[in-house]
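**Student:** Residue-level listing of the chains:
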Amino acid sequence: MMKKPFEIVTEPIEIQPYIDYVLHPYQGAVTVFTGHVREWTHGVRTLYLSYEAYVPMAEKKLAEIGAEMEEKWPGIKVAIVHRIGELHISDIAVLIAVSSPHRKAAYEANEYAIDRIKEVVPIWKKEIWETGEQWIGAQKKYPEQGEVNK
Amino acid sequence: MIKVIYFAVAREMVGKGEETLKVENLTVKQLLEWIGSSYPAFDQTGMQVAINEEYAMLDDTVKAGDVCAIIPPVSGG
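Chains as they are written, first to last, in this note's numbering: chain Y, 1 to 150; chain R, 1 to 77.
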């Protein structure tokens with residue numbers, strides 16, 4: 001299932017292989033963040049999401065983020081996976097697993113990873129609503145709530 | 001020759017996923033200007049360019065054989 005520690009996949013993400021990968025006898029803590037497809041955003045209903053990536057560059061950027069984390073929090077071990085394609089409500093879109101000897105580093109490093117992913121990794125999300133669709137990014141624009149309820 | 005790949009909203013604005021251009025030794029800024037003049041629907045606001053899978057600056061040079069990716073604002077996570 002898990003082929004490499006920093007990867008883009010099209011199949012559903014299973015959590016346990018990433019926990020197993022980061023865990024070793026020197027580690028006393030593992031944090032796992034899973035980002036899921038949300039149905040309701042500011043009162044607007046999402047039907048599903050479509051993710052696209054520049055796969056080789058995205059995997060390279062994920063690995064760079066992992067290296068940044070290991071430099072900032074020595075002793076941690078990291079795995080990051082992002083799914084692309086058509087994802088439905090509550091599916092896992094992204095998973096970040098971080099292990100560390102003590103819990104603080106695992107919590108801090110995990111949050112750093114999702115912030116960096118949203119900044120530099122070439123992955124794009126298109127939201128498909130009942131009333132239309134939109135690539136999410138700088139031009140982020142949700143339909144007016146009233147339009148949806150008409 | 002250079003290869004240009006368009007992603008997400010950029011692909012929709014130019015109407016194609018990739019193309020090969022018979023140009024070289026132009027700057028990233030010139031490449032974006034060429035795209036803008038060739039495809040009137042292309043809006044370069046917020047667009048970044050990667051050369052051979054690394055983010056490039058506007059005054060970086062695109063050389064023969066390079067692969068350029070047009071990268072709209074990212075929205076992973």
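No lab work stands behind these hints: they were computed from the structure.
Given the structure is predicted, the values throughout are model-derived calculations rather than measurements.
Each hint should be verified, as a subset may be incorrect.
To be verified - Straight-line distance between alpha carbons at most 30 Å, and here's what the computed DSBU-like set of lysine-lysine pairs gives: (1) R/K29 x Y/K3; (2) Y/K4 x Y/K118; (3) Y/K72 x Y/K4; (4) R/K3 x R/K63; (5) R/K3 x Y/K4; (6) R/K63 x Y/K60; (7) R/K22 x Y/K118; (8) Y/K126 x Y/K4; (9) R/K29 x Y/K4; (10) Y/K72 x R/K3; (11) R/K16 x Y/K126.
Stated by the list, open to error - Computed footprint of chain R on chain Y; a stretch qualifies when at least three of its residues, placed anywhere within it, have a C-beta under 8 Å from a C-beta of chain R: (12) 45-57; (13) 122-131.
Note that CB positions come from ideal geometry on N, CA and C, so glycine has one too.
**Student:** CA of Y/K72 to CA of Y/K4, is that 30 Å or under?
**Tutor:** holds, 22 Å
**Student:** For R/K63 and Y/K60, compute the direct alpha-carbon distance and say whether it is at most 30 Å.
**Tutor:** holds, 22 Å
**Student:** For the pair supplied as a hint, R/K3 and Y/K4, is the alpha-carbon distance within the 30 Å limit?
**Tutor:** Cα-Cα ~28 Å, so holds.
**Student:** Holds or violated: R/K22 with Y/K118, Cα cutoff 30 Å?
**Tutor:** The hint is violated at about 34 Å.
**Student:** Hint check: R/K29 vs Y/K3, CA-CA at most 30 Å. Holds or violated?
**Tutor:** violated, 38 Å
**Student:** Please verify whether R/K3 and R/K63 have alpha carbons no more than 30 Å apart.
**Tutor:** holds, 10 Å
**Student:** Given the proposed pairing of Y/K126 with Y/K4, does the C-alpha separation stay at or below 30 Å?
**Tutor:** At roughly 26 Å apart (the allowed maximum being 30 Å), Y/K4 and Y/K126 satisfy the hint.
**Student:** With the threshold set at 30 Å, check whether the alpha-carbon distance from Y/K72 to R/K3 stays at or below it.
**Tutor:** The given pair, whose Cα atoms are some 37 Å apart, is violated under the 30 Å limit.
**Student:** Verify the proposed pairing of Y/K4 with Y/K118, using a straight-line Cα cut of 30 Å.
**Tutor:** holds, 21 Å
**Student:** With a cut-off of 8 Å between beta carbons, are at least three residues of the region 45-57 of chain Y near chain R?
**Tutor:** holds (count 6)
**Student:** Closer than 8 Å, Cβ to Cβ, for at least three residues: run that test on the region 122-131 of chain Y against chain R and report holds or violated.
**Tutor:** holds (count 5)
**Student:** Within a Cα-Cα threshold of 30 Å, do R/K29 and Y/K4 meet the stated pairing?
**Tutor:** Violated: R/K29 and Y/K4 sit about 36 Å apart, past 30 Å.
Of the numbered hints stated above, those contradicted by the structure are hints 1, 7, 9 and 10, listed in ascending order.
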